[in-house]
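Asker: With chain A held as given, fit chain B onto it using these hints.
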Amino acid sequence: MTTQPAEPPRWRAWIGTAAGVILGAVLLFAAWAKALDPASFAELIESEGLAIGLSASAWSVVMIVAEVALGLALVLGLRRLWVLLPSAAMVGLFVFLNGRAYWRFAQGIVDEEASCGCFGNLLSRTPAEAFWQDLAMLVPPLLLAFLARPGRISKERLRIAVVVAVSLAAVLFVWKAPELPLDDLATRLKPGVEITDICAGRDSEETVRVCLDILMPQLQVGRHIVVIASLDNEELRSGMEALSEAALGDGPTIWIATDSLEEERQAFFWEWAPPFEIREVPLAMIRPLYRRQPRSFRVESGVVIETWAGLPPGVSEYDD
Amino acid sequence: MDKKFQKTALRAPLLLLAIALIAVPTLFAQAGARMNGFLPTGDYLLELDGAMVDDAKIYRSSVAQAVLIVASELPAPVLIRPRVRSVEKVSLLKMDEKADGSIDLLPNPVYAAEQGFSVDGSDVVFSVEGHDARLKPKPALAGFQPPAAIFDHSPEYQQRAGFYSPSDAVVQALRSQPKAVRVQIFFGTWCPACGQMVPRILKVAEQTRGSKIEFAFYGLEREFSGDSEAKKLGIKSVPTGVIWVDGVEVGRLTGNDWRNPESALRDLIGA
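Protein chains in written order, with the working numbering: chain A, 1 to 320; chain B, 1 to 271.
Chain A with its partners taken away, still in its complex shape:
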């Protein structure tokens, strides 16, 4: 004679399901934010020393797709151990990385910009915020998702098939994302943004918050085109003739915003003598503004009007 295992109380099942959905949703949002700019996530993997065995780019695809698969499985109620255990490993990794960044920041080893880019460029968080937020957002739902795991899940195979199909689509998306026109979505630079809102750092005893208008106050008045580029960027160098010609015209004032060092800026000047200004902007401020350099934007009276991937097209069309 066999006895049926006692059904867990209904409220426990509800809590378990809800926790799984919440954790899954957080993982899906994080995957989306990173998939918009996989190159930036690959840079992070490289800097964190996680590119073991595979290239950082390959790891970025693996991680994003794993996040999509696990997040979607949890949202679809697949609270199986083969979903929950890898999810726990992933949450553990995120909390560890953020904890390590927080500790390094507290010890003065890294600055506050070194927080985990788990949400790509969409969220700006200090190491402390990243650690405590991840701890609060990920760990409780993860633990609660283990509660009252279901014995039988209706249409389980169909749900698994959906997870597999979406994960394959995610591979394709991550692969093609850099070529898709998603810059405005993936970065903090988009039409309507004011340059007083493009900032880096935070006001604290150790650091200060500085915005782009402090470094380029001239953008507050008149019409300008700003090109974000390193001075060794090939596309910039091959477009220098056209850019110089446009700068000498009557159109908007042209600028290059770069994190290149002073020595590089001087060498660039003695090679090109550009008829426009090259302004140093710290990487912490401009890195969230692009997926790939060069990226350009048009500013009128301190407000971003238009953005372009690459150099500005037909600069002369803005001539008076």
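In short, the hints are calculated from the structure, not lab data. Quick reminder that beta carbons are idealized off the backbone N, C-alpha and C, glycines included. Watch out, some of these pointers could steer you wrong.
Label-pair restraints from in silico Cβ distances [to be verified]:
no., chain 1, residue 1, chain 2, residue 2, range
1, B, 152, A, 54, 52 to 62 Å
2, A, 314, B, 216, 42 to 52 Å
3, A, 218, B, 210, 44 to 54 Å
4, A, 249, B, 175, 42 to 52 Å
5, A, 308, B, 216, 29 to 39 Å
6, A, 164, B, 192, 27 to 37 Å
7, A, 204, B, 250, 11 to 21 Å
Answerer: Here is chain B on its own, set in the frame of chain A:
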């Protein structure tokens, strides 16, 4: 003979046409290049035959895409055009110095060409009539400096100060406030934000001269963690302004306070 004459007669116009095709664009290039808008720059020092030239003035023009060097020890002002790698001597009579300190060059200012230049690390090396010349990056201004010394070191500060208009009402409030205020500005001539923002407070200092507010400007090297004054006051970044009222520190100008330093200052001292 006739045939020879005919050949020559045919060749001559072709030759003239060829010369014209080469010469005309060259003339137009010289005449067409706008050689104006040379503004003084504080980026470089001039060294001639290994010795520093104290009175050298170095100008840069975005429009002309060129650098102009004027110094008593040079046989003539020197024009460097990086795009064509040229170093040329300019006639003094072709220089038109404006009231604002900028220089325009009149048409056809060049009277002799020198050899080109080369870039040696951070230095630009060239020669003028056999003398070895070198443009070297100017060292940062360090220690307490009066505004005149800052303007002399970095003429761009003076140009930008001229463009800034502090709020009249706020300046008036600062001028009439009765407390003894000291404002010490830490800055670096190498720092891009300082280059934009310190001219603003220099303008405020100028407009509040004679009031109870005393300004002091302290230049820092790029690596300033060992600077005793910065250490004493715990300066972490530049520009930073430390403000004391009756000898007690009441706050600091940092980060986005620099948008309107006069307003931030008024708020901190309660004027």
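Asker: For each hint, tell me whether it holds in the structure or not.
Answerer: Tested hints:
The hinted window of 52 to 62 Å between residue 152 of chain B and residue 54 of chain A holds, with their beta carbons roughly 57 Å apart. At roughly 50 Å, the beta carbons of residue 314 of chain A and residue 216 of chain B sit within the given window of 42 to 52 Å. Look at residue 218 of chain A against residue 210 of chain B: about 31 Å separates their beta carbons, and that is not inside 44 to 54 Å. Our hint of 42 to 52 Å for residue 249 of chain A and residue 175 of chain B holds, since their Cβ atoms are close to 44 Å apart.
The beta-carbon spacing between residue 308 of chain A and residue 216 of chain B, approximately 46 Å, falls outside the hinted interval of 29 to 39 Å. The given range of 27 to 37 Å is broken by residue 164 of chain A and residue 192 of chain B, whose C-beta atoms sit roughly 51 Å from each other. For residue 204 of chain A and residue 250 of chain B, the Cβ-Cβ distance of about 19 Å falls inside the hinted range of 11 to 21 Å, so the restraint holds.
When each numbered hint is compared with the structure, violations occur for hints 3, 5 and 6.
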